[in-house]
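Asks: Read off the chains here:
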Amino acid sequence: MTTEQPYRELGLADDEYARIREILGRVPTDAELAMYSVMWSEHCSYKSSKVHLRYFGETTTKAMRRRMLAGIGENAGVVEVGDGWAVTFKIESHNHPSYVEPYQGAATGVGGIVRDIMAMGARPIAVLDSLRFGPADASDTARVLPGVVAGIGGYGNCLGLPNIGGEVYFDPAYAGNPLVNALCVGVLRVSDLHRAHASGAGNKIVLFGARTGRDGIGGVSVLASESFTGEAGRKKLPSVQVGDPFAEKVLIECCLELFTAGLVVGIQDLGGAGLACATSELASAGDGGMRVDLDAVPLRASGMTPAEILCSESQERMCAVVRPSDVDAFMAVCAKWEVTATVIGEVTEGDRLLIRYHGDTVVNAPPRTVAHEGPVYHRPAQRPSTQDALEASTPDVLVRPSTMNGVRATVLRMAASPGLCSRAWVTDQYDRYVRGGTVLAQPSDAGMVRIDETTQRGVAVATDCNARYCALDPYAGTQLALAEAYRNVAVTGATPLAVTNCLNFGAPTDPGVMWQFEQAVLGLADGCAQLGIPVTGGNVSFYNQTGDTAILPTPVVGVLGVIDDVRRRIPTGLGNLGDEVWLLGETRDEFGGSAWAHEVHGHLGGRPPAVDLVREQAIAQVLATAAREALVSAAHDLSDGGLAQALVEACLLSGAGAQIALPEALEPFTALFSESAARVLLGVSRAHAPRVAQLCSVHGVPVTRLGEVHSAPTLDIAPLDSLPLSDLRAAWTATFPTLFGPW
Amino acid sequence: MPRVVVDVVPKPEILDPQGQAIVRALPRLGVRGVRDVRQGKHFELDVDDDVDADTLHRIAGELLANPVIEDWTVRRL
Amino acid sequence: MPRVVVDVVPKPEILDPQGQAIVRALPRLGVRGVRDVRQGKHFELDVDDDVDADTLHRIAGELLANPVIEDWTVRRL
Amino acid sequence: MSTVRIGVITFPGTLDDIDAARAVRYAGAEPVSLWHADDDLRGVDAVIVPGGFSYGDYLRAGAIAAHQPVLRAVRGAASRGLPVLGICNGFQILCEAGLLPGALVRNAGLHFVCRDQRLRVETSATAWTGRYAAGAEIVVPLKSIEGRYVADSATLAMLEGDGRVVFRYLGVNPNGAVNDIAGIASADGRVVGLMPHPEHAIEVLTGPSSDGLDVFRSAVDAVLGSGGQLLGRRIPSKMW
Ligand SMILES: Nc1ncnc2c1ncn2[C@@H]1O[C@H](COP(=O)(O)OP(=O)(O)O)[C@@H](O)[C@H]1O
Ligand SMILES: [Mg+2]
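Chains as they are written, first to last, in this note's numbering: chain A, 1 to 743; chain B, 1001 to 1077; chain C, 2001 to 2077; chain D, 3001 to 3240.
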């Protein structure tokens, strides 16, 4: 028996600590304790989510795996997209750090996901960011949002990665718990796929990139696994990491040159849990053990303990496994890019992770027990009793505009609402042009980049999640998020191929939260199985709550699609004069969780819109053929704000006016603001109308001909009075500058 | 009118990429002997006589500096 | 090791939007009496003893400051 | 007619070099990549200093890159009339290196600004604008946070007086630049710097227009001599 160790302060439970002693057969050293504590934290071990996430794998059929070269468990999923190209993409959260220090938190969030993509041997080619904040007019939102946006731009722009999409949502539930989810897309030749594993005894472990300092020591275990308690909570947080985007840009070019030269056996990024994570994961995934000498690690601060060196979250670092014969060549490439690189150890026979410092052995553990065989919890999950009341409080009771002028005024009011207004204030701070491959970016439904200049092959990506739907029914709500991202990709003419996700939830120790989480996973997995596209990776962020109020369940879904020829993409804005304006899909009276209920009545209740993935798929097929045969001049998905918002955006994006007659069957208000899913707005030339109509009937997609593009600069929606585009534009664009300052 | 100077520097444990970039650039100018550089911000405020020390420290701590990652000093000229 | 401080400020005739933004933000903090703010850069250099004044002025004038838009001061602590 | 070879310099942190090289190809010339550490220009006929964040734009945009060996070579060649184009960060570097007068500072609005920007081409009498009619209006992307051009009044008077303001912002002034200046030229019209990105406006598929392509075509003309020497003489006269 020995003196008490501070394992609780490190976030370890009594039984977890007991298990560490059992594994080691002795009292752990400080370094071992630190290493296990960060690696067994929720963030690194997925101990509360593991049992649920397995379901993604279980529901992924052989057919769905056909194009999948790497999936869940790797740094990022990889799918084959044709012409010998593969694409990797992943979304990750950096929520808590972005609340503590918005600029650096968001910036390092981008840096982290980009390194994940590099760790697959890919060149990063684009980023997206999915953001959630408290009320748009809250003073803390005025602190957090501008900082987060500047941080994402400051880092991403400096890396030379075009920002091609994302989301901005506001809800009181995110006050004190903003969500900052960053997605990165990368490309590689199918033959160049790299994996994170240390194999081949005698191979060297090379640490390269930035020096190691006291950045965010314990950042992961504390920042990502303890919820805030207001001011006090903010104070006790450890120092945040500061990003160096220039160092990361150089690191990217350096890595790519190393890959091309074939100098890398295995590679791993350093993110949360730093070296502790990189070394144990590399060794655990490999076929041997590993010996690491901490004295060789280049330090930025003096007097760092082994535990600190292992857990430091200094940014812009990578770890590679290199054949001894390649070390000199490896170092030469690093020298060219002025990147610091050091051999810190080697792959060994046997199955121990041995870490030495000043001649002492500070870690001697089986790597699997650190990296992959951490604790697993079956947390109790229980549908909250409040859920019935929430469903019972339907939006039917909400007062709807009684006059046509009232409906018309609502169109303008909704266009100006923080949830639906133009995001240009945000997206104009992001470089969408760099690399010269951006074919579609905000405000298109999905971003699209060309990946091959000779074949013109490209990929499209969108992220979506209406968390209000998820609050009403996490299973259906998550399928609606999937459906929307899938639809956003489909309307560009691309074919959806794969899914990534970032599951943002409250504390897993709350059975109600755990129920939401479980339902979300089931919904997403079942939905993907139905659509035939696999979940290739993702990220879980728990403890997004202040006190015991959790955020809305927010499973952000990212969908990736491929298009053989980007010149065939479908634009979002209504273009050609005289083109017919069609609505695909059916509109029902569905206002549960709608933007109208939220913005106008601050109401959340009832059922979310019905999910119809068969219809979503049919629409996607129509659009893919329409794109291939160049049949449609515009396509825009209907989502938050319904038909009214889709029409406003489709007109404002191109500056074209339209003459619309609403179908008699519905109240104008319902036709305009209902949020029924599986609907798309189309622009179709008269010449192609018959062929498109035939396609729709073949695929069983209902068509409503709404009207046509006219020459007047107005959106005329009979029976409403005409809406001048200038008024709509003023309403749509003024909100963010008014809230967050002009520039 | 009194002039007040507030100097803001990154905390010692915080990475200072700008300072590091300068250290690396100096040899190319043929300059030797500069061991370390920290880059911070320098503010010059013209204030009324009745602005007291507490107010100045509030301004520095809440607006000019980011206490999460920066230290600051206030001095009257 | 000697410490040298270089302060760099935008020339008076150059518009300083950062300083102006601070002036505008102060009332929101409930602070009155700050008439003007100029934002510049503050550098702290650790140098060997043999680094002379000329060298320091070269560092300031050729790298740390851009004479077209900025003035600077060098002082040893 | 031998193909024109146009150098594109890459510094650590340069981003738009691949785009500049693409634009050079689209203009029918051969891009030659030049590394910041080299001090020879490999006999190229013209040089582009592309956009990005060289050395992270730490300290000041372009400040550290301006001291790199390759800039010495560029300065020498420019003094002998080699056409040089600085785009965005490249413009900042040329100003920091003293090849062009004035400086570029933080946008008046403080934010990074990415937008499709209307510009007026003020003169066709430079090595990079011969293909445009003076007064032509074009749309090219602008994406920068230190894009506000400033210079003392004497320098401004000289630039305006000698017709060395090459590009001017139209409609919105996106960063508070003096006299809406988006780009300027050296006295002999061979060295041009501008904040907006013509290399991102060479095809409508990936840009707001193809208006930028003629910048690169103009350089090819200038190299092939169609009015190449003329330029030097035409510059001072204010025919616009
Ligand atoms: N934080 C952001 N970063 C980048 N692009 C964004 C961001 N927020 C919104 N966008 C873009 O603005 C446009 C409108 O956003 P949104 O209304 O969420 O689109 P949709 O409803 O089609 O999902 C989309 O092109 C989206 O990609
Ligand atoms: Mg959508």
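Hints in this document: simulated from the structure, not taken from any laboratory.
Fair warning: there could be bad hints in the mix.
[Said to hold, decoys possible] Beta-carbon label-pair distances, calculated as ranges:
id : chain 1 : residue 1 : chain 2 : residue 2 : range
1  : A       : T340      : C       : E2062     : 50 to 60 Å
2  : C       : G2061     : A       : T342      : 32 to 42 Å
3  : C       : D2071     : B       : E1013     : 27 to 37 Å
4  : D       : N3179     : C       : P2027     : 49 to 59 Å
Nothing here was measured: the structure is a model prediction, and the numbers come from that model.
All C-beta atoms, glycine included, are put in the ideal place defined by N, C-alpha and C.
Asks: Give me the numbers of the hints this structure contradicts, sorted from smallest to largest.
Replies: Hints 1, 4 contradicted; others consistent.
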